[in-house]
Structure formats: C-alpha cells, structure tokens
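Protein chains in written order, with this note's numbering: chain A, 2 to 842; chain B, -4 to 226.
Any given hint could turn out to be false.
If you want a taste of the chain A side facing chain B, the calculated C-beta under 8 Å gives, among others [said to hold, decoys possible]:
hint	residue
1	Lys300
2	Arg304
3	Arg305
4	Ile334
The calculated DSS-like cross-link candidates involving lysine-lysine, where the alpha carbons are at most 25 Å apart (straight line), are [what the hints assert, rightly or not]:
hint	chain 1	residue 1	chain 2	residue 2
5	A	Lys300	B	Lys79
6	A	Lys14	B	Lys109
7	A	Lys18	B	Lys24
8	A	Lys14	B	Lys1
9	B	Lys1	B	Lys24
10	A	Lys300	B	Lys109
11	A	Lys14	B	Lys116
12	B	Lys112	A	Lys300
13	A	Lys300	B	Lys24
14	A	Lys18	B	Lys1
15	A	Lys418	A	Lys14
None of these hints come from the bench; they were simulated from the model.
Note that beta-carbon positions come from the ideal geometry of N, C-alpha and C, so glycine has one too.
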Amino acid sequence: MGIVSSLAWRLFKHEAKRGELTIILLAIVLSVASVLSLSLFSERLQGALQERSASFLAADTQLRASQPIEGAWVQQAHEDGLDTASQVATRSMAFGETQMSLVDLRAVNENYPLKGTILVADAPFGEAHPADNLPQPGEAWIDSRLFQLLDVSIGGTIYVGDASFRVSGVLSEIPDAGFSLFTTEPIVLIRQRDVASADITGPGSRVTYKTYFTGDEQNLSQFYDWLRPQLNDELHRWQAASDDDSPIGRSVKRAERYFLLASLLAIILAAVSIAVAAQRYSQRHFDPVAIMKTLGASKTTIRRIYTLQICFITLLGIVLGVIAGMIIQQVVITVLAANVEVSLDVWHWRPILMAIFTGVVCALLFSLYPLLQLFSVPPLRVLRRDMSTNLQAKSLQFLAAGGAIFALMWTYSQDLKISAILFISGIALVAGLMVVTVGLIRIGRKLGSGSMGPWRLAWARISRRAMDNSVQLISFSVTLLLLLVVLVMRNDMVEQWRAQLPEGTPNYFLINITETQKPELEAHFAQNDVQTSDFFPVVRGRFVAVNGERVNTEVSKDDDDGSREGRTGLGREANLTWSNTLQSGNEIVAGNWQGNQVEKPTDGIYPVSVESDVAERLGIELGDLLTFNIGSEEVQSRVTSLRKVDWQTMQPNFFFVLSPAAMQDFSPTYITSFYLPSERKQALTALLQPFASTTLFDVDARINQLRDIVEQVSLAVEFILILVLAAGALVLIAQVQASMDERQQELAILRTLGAKGSLIRLSVVYEFIIIGIVAGFMAALANELSLYMLQTEVFQMQASLHPQFWIIAPTVGAIVVGALGAIGCWRLLSLNTTTLLRKMI
Amino acid sequence: MISTQKVTKTVSTSEGELQILQPISFEVKAGESVAIVGASGSGKSTLLGLLAGLDEVSSGEIYLNDEGLHNMNEEARARLRGEKVGFIFQSFMLVQSLTAIENVMLPAEIAGLKDAKARAKTILEQVGLSHRAHHYPNQLSGGEQQRVAVARAFINQPKILFADEPTGNLDAANSEKIEQLLFKMNQELGTTLILVTHDSKLAKRCQRQLNMQGGALTETTSSDTATEQGA
C-alpha cells in the first residue's frame, strides 16, 4: 500500500503541477464554491429577512392567550436562555376632558419590544423616529388621531378605566400593530404595571395577553417542545416569525424557495460539470492504466492508485472550493451591503457541511462510472490503441448518476416535490435529447456528404461523434435549462411581487365621509390633483342571529391577530357595506356573487356575501339567514356566496357585503383611499381641512416598508441569479474545453494535411452552433415543463408560457456555445502543427 | 522458455467471426532472440499480445516459463508479466505525467521492490540518461524516450522481453543506439528477446526469425541454421 499511495501521490502531484487536473479540479471547486456561496449567502439573507419578520412580531415568537399565562412558563423560557417581554392588550374607552374614543390599549413591560422599534413623532402626524425608551408609569403615548379625537395635547391627561395618564408622546407605530386599516382603533401605549390601577381587565373584558420570546433557534424550539403539550388551542396561539403569513412573510418564504431552487440547480450544474470532467479524466488515463497493467499491475493496485488520486483531487477541490466560496459570498455581501440587509453575526455551519458533502458525493459518484471504465481498460491497448474499454451497463451509470442527483437534491431541500419536479424535467430532457441525437446522426449523414466545406465537416463530425455529442448535448442542454429556469422564475416572481404593490397604491385612507361630503370631497381632491378610489358605503351594524338563532357574541373569540386585526369587533359591531360588484382581491369560493339584483326577491330577503374564514368560525353556511341590527332596525339577508378575501391588499375589506337594495334606507358614511406621493405629504393638511370630521389613516410608511422588502428580496434574487449564471458559464466553458481536447487529434490531422485555419475554425464553430441551437431549443422545451410544475406546485404562482425563450434560448445557445467553441479552437490553432501532433501522442 | 501449441485467435466483427491467427505452434528457448516479421496486418502484433499475456487465446496453449498462460485469468497474467516480462513499444508508451526516472521505477514499484529508485538510477545511467532523469517524456526526444522505455523494460531483470517495433518511430542513428542497447542488455542479463519488426536489418540480428503471413506462421528461419516449421 505504501508504494501504491506514494505512486498515487506522485501522479497527483505531477498532474496537478502540469495542469492536467485543472478541469476536474475546477469542476469540484465550482460545485463546492457555488453551493457554499449560494447557501451561505441565502442563509444570511434569510436570517436578515427573518429578523425583519421578527420585527413585525416584536420578537422571534409570540404566545397569545386570552388569559394571563403561567409565570412558570416565563420562568422556563428564561432557564432555556430566552429573553421575554409581555403585553396586555384590550379595547377600551379613553376619555379626554370633553371627548371620548374607543382605543386599542397596549400595556407593555419594560422589555418590550424584543425585536423591531417603537416609532414616535414630535407632533401629531409629524415625522416618525425611533423611540429610545417607553412611556413612564402613569404616562401614555397616544396615536396622532387621538389628539384630535380626544381633543388633547402633549402634557394633557386622558382617562382609561379608573386611571389617568399624562400624555407624554405621539405614538407613530409599534412593531406588532398589525396591518389593519380602518377597523383598528388608535393605539394607546402604557406600562403594564398601570393596568391594575385602571382596572380594565376584569370579567367580561376581552383581553389578549401576549408573551414574547427571543433567543437562538435551538433554544426556541426546545422551549416550544416543552411548552406545546401544555397549550390549549382554545386559549393559546403560538406564532413564530418564520410562519408569518403577512405579505412580508410570504415574500420571504417565496424567496427562500427560490434560493433553495437556485442552490439545487447549482448542485446539478456542479454534478454535470464533474461528470463531464471525470469522463475526460478517465479517458486521459486509459494509456497509463494500460501501461501499468502491462507492467504487471493488478486490478487492485490500479483501483487503489486511482481511487486515491480521486480522493486527493476531491480533497484539494473541496479545500479550494470552500476558500473560493467564502471569498465569493464575501464579495457579494460587500457589494450588496449598502442595499440588502444580511445577518453576519451568525456563523452557519450547514452551508459548509452541505458544500463539502456535495463535493464528496459529486466527485465520488460521478467519477464512479468513468473510474470503473478506467479500471477495465485492457492491457492490450498498449498494442492496439483503438481499444478503450469493454465496460457495458451505460444504463446503470445513468441510474446511478440520476439517483445520486436526486438523493442530493432531496437531502438538501428536504422537499420531495421540488426535487421531483426538477428531476422529472431533467429526465424528460435527456430522453428527448436521445431522440434528437438519433435525428442529428441521420441529418448529419445526409448533410455530411458533398463538397468539402466547413458546414460539411461540421455535420460529418456531429454525425460521427454522435454518442460523444449526445453526452455533450445533454450537458449543454441541462446547463441552459437550469439557467433558463432560474432566470424565468426570477422574472416572474419579481414581477408578481411588484404587482402586489404597484406604483400609486393608495397610501392614505379616509373614513367617516358623510353622504353630503362625498361629492365635495371628490371635487376638492380632483382640484388638488389627487385621485380617490371607489367610495365604499359603510354602516355599523351588529350581527345578531343565524337562522333566527341568537349569536353569542363571545363565539367570536377573535383577537387582533397580525394581519387580520380587522376582524376584531365582529362580536360587537361590524362594518357592513353593500355592493353589486365584487371587490378586487375577493374571490367567490362558494355560491354565486349576488350581482346586480334590483328586483326584490319573492321572499323579500336580499342576498349577503360572507368572508369565508368568518363563515367557518361562526358556522355560517350557504343559504343561512343572517340578522343584523342597524340602529333600531333589523335587516335580514340570505347567504348566497362565501368570499375569500386577500387581507394583504391595501384596501378596505369587509366580512359582510350586502345588497344595495337591502340597505337603501340607511344613510352610510363612506370610506375611500387615495395615493399621495411622499413629497406632497405637506399638502395633506390643506387637502383635508374642509373635511374636519373625517378621519385619516396613513399607511404610507407601511407600504414603503413593504416595498423596501420586496425590492431588497428582488435584488438579492438577482444576485443569486448572477451567481448561478456565472456558475453555468463556467460549466459551459469546462464542457467546451473538454470536448476541444477530444477534437485535438482531428484538428492536428487536418492541419497537417494543410487545411486552412479558417476552414477548421469555421467547421468547429458551425458544429458548436448546431449543438448550441439544438441544446437551446431542447432546454426551452424542458424549461416550460419545469416552470409549469414549479409555478403551480411549489411557488403557488400563476403558470405562464414563455414563447420568447423558444427563440432566445436557441439563439443564445448558438452564440454562447459557438463563441466558446471558437475561442477553444483559436487556442488550439494558435499552436503549431508539431506541438499539436506532439500533444496527440 | 516459451511454447505455443495450436494457438488461434478469432474476433467477432459485424460480418461474422474472423480468424486472425491460424493455429500456430513453436518454441523459444531461454536466452534466445527471436524476430517476428511480416507485412502489416499479418498478425504479428496479435501474436505478440498473446505471447505476452495481454490478450487471451481463442484456442490452443501458451506456456511462458512453464506456466500455462491460457489457463490464467487477467490478474494472474498481470502478476506473471510483472515478475517475468519486460516490454518495449513502438510509441514508447511512457506515462506522460511521470518523469523519466519515475517511468523507469514503475515496474519495480508495481512489483513492490523497495530499491526501485536505486535500480532506476543505475539503469538510467546504463542507457546514458541519468542527466535527464527528472524530465517528463514530452521534454525528451524520441530516441531518449525509447531509451527510457528500454531502461524501464530491464529494471526488473525480466526473463523475457517483448518489443513491438522498438525502432519503428526512430531515425537511423537512434535506431542503431536502441538496437545496440537492446542486444547488449539481452546478452548481459540472459533475457529471452521476442521482437516484432518490419526492419529486416534488426530482424537479422536476432537468432531466429518467425515469418507471419495472413495470420499464419509460414516459416521460421534462424540467422545461422534455417529450419522449416509447419504452421
């Protein structure tokens, strides 16, 4: 073994020094570096995005309860190394000296918030800035609106329950305020120790007790495992930043999937390049193996020598790959630092282990078949150079390689679906390419005859090297396919994200507009060049009975949960609207939309459409008769449709949409929204001055925040795309390089026979162009298949066809592959014929 | 030393079975030098491959140093080659990624000899290439490469040396050098020499000549006593 390993080491050393290992080494370095940099970058980015999500939750996780949570739980959390904070939230009446208003009272302890920041302003509706402390006991920070509603100013006093509070600040925002629009009451922030003196949490009051937890992932999950059995679904709700269903949460999740996809594709790219390189490595060693066998080396000796060699190469490749990967991701992070938040404080072992694992698995499994081929080279090759290997079982190789790729993808993504989709489209592509190869051979036979010219040479070579070309074609196509998938997914995803919040999305809401104010307001706004959206009529009504059965308002044990804070108050009063047209962002999931029903139904009962989640919670079904109390009147309506509402849209949403005919006797107030560019914010006061009784909601900051995140994620996705493209380009170069060496002999002969450089060059370029076109076209086909499956099954997006790529992909394929071929060929032709001939031997 | 009895070789082609060697029988004594001559495609190299245990016979028997090659599997034949056989090829067949001295050491290392390096140094000196020991094959001239190959062939002091057109790729001066080297070492070490060649001058330097024609051994002649042997 000593001699064998020293021989293996010597071979490795010399080959490395002479640059013979460059291609296979590059392939391994590429695989390790791309997997490492992609996953390290995406983990860091995800860390940052999760941190963002956490800031909307005020912590990593939140436990909400309808009764105070056990002190022992908090105790345990501390023992598990977690930080905690708490909040008591309830709705209560707040009184100024002359006015009163329903408010959303938030009483927090000194640790709040664990994540995110409280924003305050110097004056009502003034510019917000982060607060560096909390209101002192006995003090309250109140929403800008309350200054107007309670007719109070800074330093004044407000009364909540039995306690009085000195107003000491203007509250702009708290991290976990939620995304509600018009149904949320203005927030009053006080200290938790003041809750007792206010005495507002007694029986009958609806109080939400929130406890916040922050700590490292492992401690959090350990704590949750301990806590879970003690939680009661009726009373408790556990929410983690990672299962955030807000627009941000969704964007982050989608982005995470994209990163995952990109990393998977990087793995496949790496595998393809290693397979190509290993094949070439093996072929180059046919002679040395034949020589060694002739000189008496046993199969075991050969096996040991070459297995050791591959181990050395793998090891070196992994070391270099890890270094390169770290450098690449550092460069990317440095470049992005100004625009994209990344969390650098956490050291992620997973990407490194994953990269090493990928390197080892790819290098060993993909060189397995080439090595087996190498081991089986007959010694007779020393006399008969045309003898290569008699190893059969190519299908076994495909099976092994395919299995390896699939296993790797699955291990990495832990997502069977996404792995299966990519794998199946890959298989379909390979199968398609096999058929195409046969076609090419036929065409080649026809076109390869006739007068000598570059096209003829090109076709003749394609036909003759059909099997080699099929491998090459497959690797080109797979590379192009992967690049296409990454590119198109990125385009579609970013587009759909941006579509969520198009330019001009309303950033202000105006409520309490009276019937008489409506036309004046429209005119006034139009004069000031501000476009208002639809006016939604609203009356406050109480939902009292289903099919004549009184509804226990306590059934709606609704609490102000994150994005759906709008549900609150359902048990008491709801905002009822009416319309004949289905609002955008609403989707009928059962029954039929009421439509334009003017005629009074025979039974005198008009239809109502109910939001599907509320229907489920209150047990409302199609055909049920609902009773609402509006003022002293009672209105009955029949449920004819259930609607799914997209709560993420920045527009007023309603649980109940009644028929205009049923509501014609009631005088509503109106809600509208409008867009005012940030730079015109100053004009707001003048704009609203004539309508003092209306109430304004400013969601500009929130929209900007959302847009920021979408932009940030899009930018990150773009960088990932560039990384994958770079990896793909390297793979293509390696492939062309590998095939160039195989063409060397033919070039040498043609050159020796006096063929013009231009003839040879053109024939090679044409050959590569043909291969590039076919590969591009096949990749475009397979791309549609993968995208259809990915978009519908994994990304929950609308599937789209991409006919432009049917032209772009073959064109780009032809240009890129052709150019690479030309460069490779130019390098060979720049050598003189003697050198070429020498290289052949 | 070598004995063949009715050795044939048949290969399958797309047009059916093709017999490339007619039944061949002959014997070579220890220390003898034998040239296999004949036109291209006459089956010289095929015969050499079979004699050296690089290929398997279709029928018949081959004994090398009294060991039946025809009964051995590839592993056993490799062991036998490592112990008893040396090779020289027309295209030198040096491992391109090993230096001259490492190429020479190769058979000794494969055989597990501890003094491979020392032996290689000595023998490289004998072929006059000690100053190029650390050059790679592509840094050597054709003649030098073949001298390295000769050194490699003799490092394990083989009982039999097979040479396939050893001077086929060399100019006259280099051919002469290699021939001299070959016969000198053959004599010094008492090695049996079997060489395939087109070169009648080289063939004549051998004690015997086996003439191949169309896959059959039509005659054997020796430089001094020509004897006829049926094929």
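Checked hints:
| no. | hint | verdict |
| --- | --- | --- |
| 1 | Lys300 | holds (6 Å) |
| 2 | Arg304 | violated (12 Å) |
| 3 | Arg305 | violated (11 Å) |
| 4 | Ile334 | violated (40 Å) |
| 5 | A:Lys300 with B:Lys79 | holds (18 Å) |
| 6 | A:Lys14 with B:Lys109 | holds (21 Å) |
| 7 | A:Lys18 with B:Lys24 | violated (46 Å) |
| 8 | A:Lys14 with B:Lys1 | violated (47 Å) |
| 9 | B:Lys1 with B:Lys24 | holds (18 Å) |
| 10 | A:Lys300 with B:Lys109 | holds (21 Å) |
| 11 | A:Lys14 with B:Lys116 | holds (21 Å) |
| 12 | B:Lys112 with A:Lys300 | holds (23 Å) |
| 13 | A:Lys300 with B:Lys24 | violated (31 Å) |
| 14 | A:Lys18 with B:Lys1 | violated (50 Å) |
| 15 | A:Lys418 with A:Lys14 | violated (43 Å) |
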